[in-house]
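**Student:** What follows is each chain in one-letter form.
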Amino acid sequence: MKQVYINSVASVSAQKTFDNAEFLNDFIDHEAVVFPVVNPNYKVFIPPAAARRMAKGIKMSIAASKIALQESGLDQVDAIITGTGMGCLRDSEKFLSALIDNDEQYLTPTAFIQSTHNTVGGQVALELQCKGYNFTYVHASNSFESALLDAKLLLSNEEENTILVGGVDEIGEHTFKLQALVGHVKKEAVKASELFESHTSGAVYGEGANFFVLSNEKQNSTYAELVGVKMFNTLPKTLLTETLEAFLGSHQLEISDIDVVILGANGDAGYDDYYDILSQGVFKKTQQAYYKHISGEFNTASAFGFWLAAKTIQSQTLPALVKRNNFKSTGFKNVLLYNQYRSENHSFTLLKQC
Amino acid sequence: MDALKQELKEFIIEQLNLEDVNVEDIENDDPLFGDGLGLDSIDALELIVMLDKNYGIKLTDPKQGKAIFESIDTMAAYITEHRVK
Numbered sequence: 001m002k003q004v005y006i007n008s009v010a011s012v013s014a015q016k017t018f019d020n021a022e023f024l025n026d027f028i029d030h031e032a033v034v035f036p037v038v039n040p041n042y043k044v045f046i047p048p049a050a051a052r053r054m055a056k057g058i059k060m061s062i063a064a065s066k067i068a069l070q071e072s073g074l075d076q077v078d079a080i081i082t083g084t085g086m087g088c089l090r091d092s093e094k095f096l097s098a099l100i101d102n103d104e105q106y107l108t109p110t111a112f113i114q115s116t117h118n119t120v121g122g123q124v125a126l127e128l129q130c131k132g133y134n135f136t137y138v139h140a141s142n143s144f145e146s147a148l149l150d151a152k153l154l155l156s157n158e159e160e161n162t163i164l165v166g167g168v169d170e171i172g173e174h175t176f177k178l179q180a181l182v183g184h185v186k187k188e189a190v191k192a193s194e195l196f197e198s199h200t201s202g203a204v205y206g207e208g209a210n211f212f213v214l215s216n217e218k219q220n221s222t223y224a225e226l227v228g229v230k231m232f233n234t235l236p237k238t239l240l241t242e243t244l245e246a247f248l249g250s251h252q253l254e255i256s257d258i259d260v261v262i263l264g265a266n267g268d269a270g271y272d273d274y275y276d277i278l279s280q281g282v283f284k285k286t287q288q289a290y291y292k293h294i295s296g297e298f299n300t301a302s303a304f305g306f307w308l309a310a311k312t313i314q315s316q317t318l319p320a321l322v323k324r325n326n327f328k329s330t331g332f333k334n335v336l337l338y339n340q341y342r343s344e345n346h347s348f349t350l351l352k353q354c
Numbered sequence: 001m002d003a004l005k006q007e008l009k010e011f012i013i014e015q016l017n018l019e020d021v022n023v024e025d026i027e028n029d030d031p032l033f034g035d036g037l038g039l040d041s042i043d044a045l046e047l048i049v050m051l052d053k054n055y056g057i058k059l060t061d062p063k064q065g066k067a068i069f070e071s072i073d074t075m076a077a078y079i080t081e082h083r084v085k
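Quick note, the sequences are listed as chains S and U, same order.
Mapping of the first sequence onto full-length UniProt numbering: residues 1 to 354, in sequence order.
Mapping of the second sequence onto full-length UniProt numbering: residues 1 to 85, in sequence order.
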């Protein structure tokens with residue numbers, strides 16, 4: 001079994017993260033219920049003729065994919081694995097609205113063919129001319145972790161040597177209205193910097209694309225080693241701590257070995273208590289970090305957390321704006337991510353300095 | 001006829017997402033496909049549906065499309081002659 005390394009990272013998010021030379025140098029303190037993405041110049045990454053049919057999610061993903069590929073020094077990868085909770089939501093809404101508005105008449109193909117969950121994986125492959133393994137995982141807030149696990153298994157077993165792995169989700173106007181209607185979104189705009197002091201129910205939403213080149217060969221640009229990823233569809237609060245300890249134990253680690261724990265708390269008073277169990281419990285004396293106040297919540301927001309973890313290990317710095325407490329770490333060797341959304345689809349992801 | 005040509009140009013730019021193209025950039029006799037505006041087969045389907053939806057024209061023989069969609073001039077002439085709405 002070979003080790004798995006994160007050889008490059010790329011992020012298009014609600015912060016200016018697409019430039020890998022920076023690491024959250026400027027904080028955009030959004031005040032909204034949906035955090036807008038800071039867009040790179042897509043024309044640099046996508047020919048105009050191809051871009052005209054692409055919705056936001058595809059554009060973000062192709063830009064992130066090309067940045068990741070360029071940083072890894074590769075022209076091509078063996079495989080592309082994508083995680084997305086909602087797929088190409090905007091085109092889905094577009095063609096479904098057209099069905100209703102036109103009484104199922106006069107239907108055009110463009111929005112339909114661009115609307116599937118695996119459109120992103122397909123379009124990235126077309127742009128890169130990658131004819132290898134191409135798979136899309138759709139599993140709510142475990143979508144990215146599912147993609148990550150598949151990549152890890154393929155690389156560990158040497159079935160593939162380089163894989164582009166990413167998580168992407170875009171905001172769809174109609175879907176967002178429905179999510180707001182059922183109370184999943186905060187009722188009023190919240191300042192990003194004050195999200196965790198809001199103490200109200202619902203989350204602040206966002207969108208983004210985070211892509212990584214993973215390989216079973218270490219290189220100069222390697223950020224970190226991906227040690228483990230484990231998912232749980234449901235996990236009772238009473239079993240959270242012992243499940244985490246078992247996960248760490250399976251990698252010969254203890255709580256005290258973790259230099260920073262990156263938690264997927266989103267400021268939802270109804271569900272953040274899962275994170276509180278760990279932050280006020282076994283990780284009480286560990287450096288803690290949050291990230292959803294800068295990325296917003298979406299099914300693959302945990303891919304942004306993964307980006308944060310990789311950048312932290314590589315730079316050996318944790319930006320002040322993500323720090324939740326101030327326990328000084330002597331360095332960032334072992335970084336743990338824990339995420340869940342509305343008490344479902346829990347994941348532990350472990351990265352190690354190498 | 002000029003108003004129809006203007007309408008067709010606006011539709012093509014908006015519906016086919018030609019982001020960097022303005023109405024003034026499209027000459028009435030410019031080829032719409034290939035070397036001209038660069039439209040492709042998916043765009044052709046969009047245009048066929050547009051003829052039906054906006055002007056009540058049903059193209060039953062796809063081969064007709066090649067001549068009809070040659071340029072804004074040919075489209076406008078065909079629509080003027082065959083439109084039912």
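Treat the hints with caution; some may be incorrect.
[To be verified] Cβ pair distances, simulated, as ranges:
hint	chain 1	residue 1	chain 2	residue 2	range
1	S	Asn233	U	His82	31 to 37 Å
2	U	His82	S	Gln105	44 to 50 Å
3	S	Gly132	U	Asp25	37 to 43 Å
[Said to hold, decoys possible] Computed cross-link-like contacts, BS3-like style, restricted to lysine-lysine with a CA-CA straight-line distance of at most 27 Å:
hint	chain 1	residue 1	chain 2	residue 2
4	U	Lys53	S	Lys328
5	S	Lys177	S	Lys237
6	S	Lys323	S	Lys237
7	U	Lys53	S	Lys2
8	U	Lys53	S	Lys94
Hints were generated in silico from the structure; no laboratory data involved.
The structure presented is a predicted model; accordingly, all values stated were derived computationally and were not measured.
Backbone N, C-alpha and C fix where the C-beta goes; we use that ideal spot for every residue, glycine too.
**Student:** Evaluate each hint against the coordinates.
**Tutor:** Against the structure, the hints come out as follows:
Restraint check, asparagine 233/S to histidine 82/U: a C-beta distance of roughly 58 Å breaks the suggested window 31 to 37 Å. Restraint check, histidine 82/U to glutamine 105/S: a C-beta distance of roughly 19 Å breaks the suggested window 44 to 50 Å. Take glycine 132/S and aspartate 25/U: their Cβ atoms lie about 40 Å apart, and the range 37 to 43 Å holds. Among the hinted pairs, lysine 53/U with lysine 328/S is inconsistent with the structure: their alpha-carbon atoms are about 66 Å apart, more than 27 Å.
The straight-line distance between the Cα atoms of lysine 177/S and lysine 237/S is roughly 30 Å, outside the 27 Å bound, and the hint therefore fails. For a cut-off of 27 Å, the pair hint linking lysine 323/S to lysine 237/S stands: about 24 Å separates their Cα positions. Restraint check: the Cα-Cα separation between lysine 53/U and lysine 2/S comes to about 58 Å, which exceeds 27 Å; the hinted pair is violated. Under the criterion of a C-alpha separation no larger than 27 Å, the hint pairing lysine 53/U with lysine 94/S is consistent with the structure, at around 17 Å.
The structure does not agree with the numbered hints 1, 2, 4, 5 and 7 stated previously, though it agrees with the rest.
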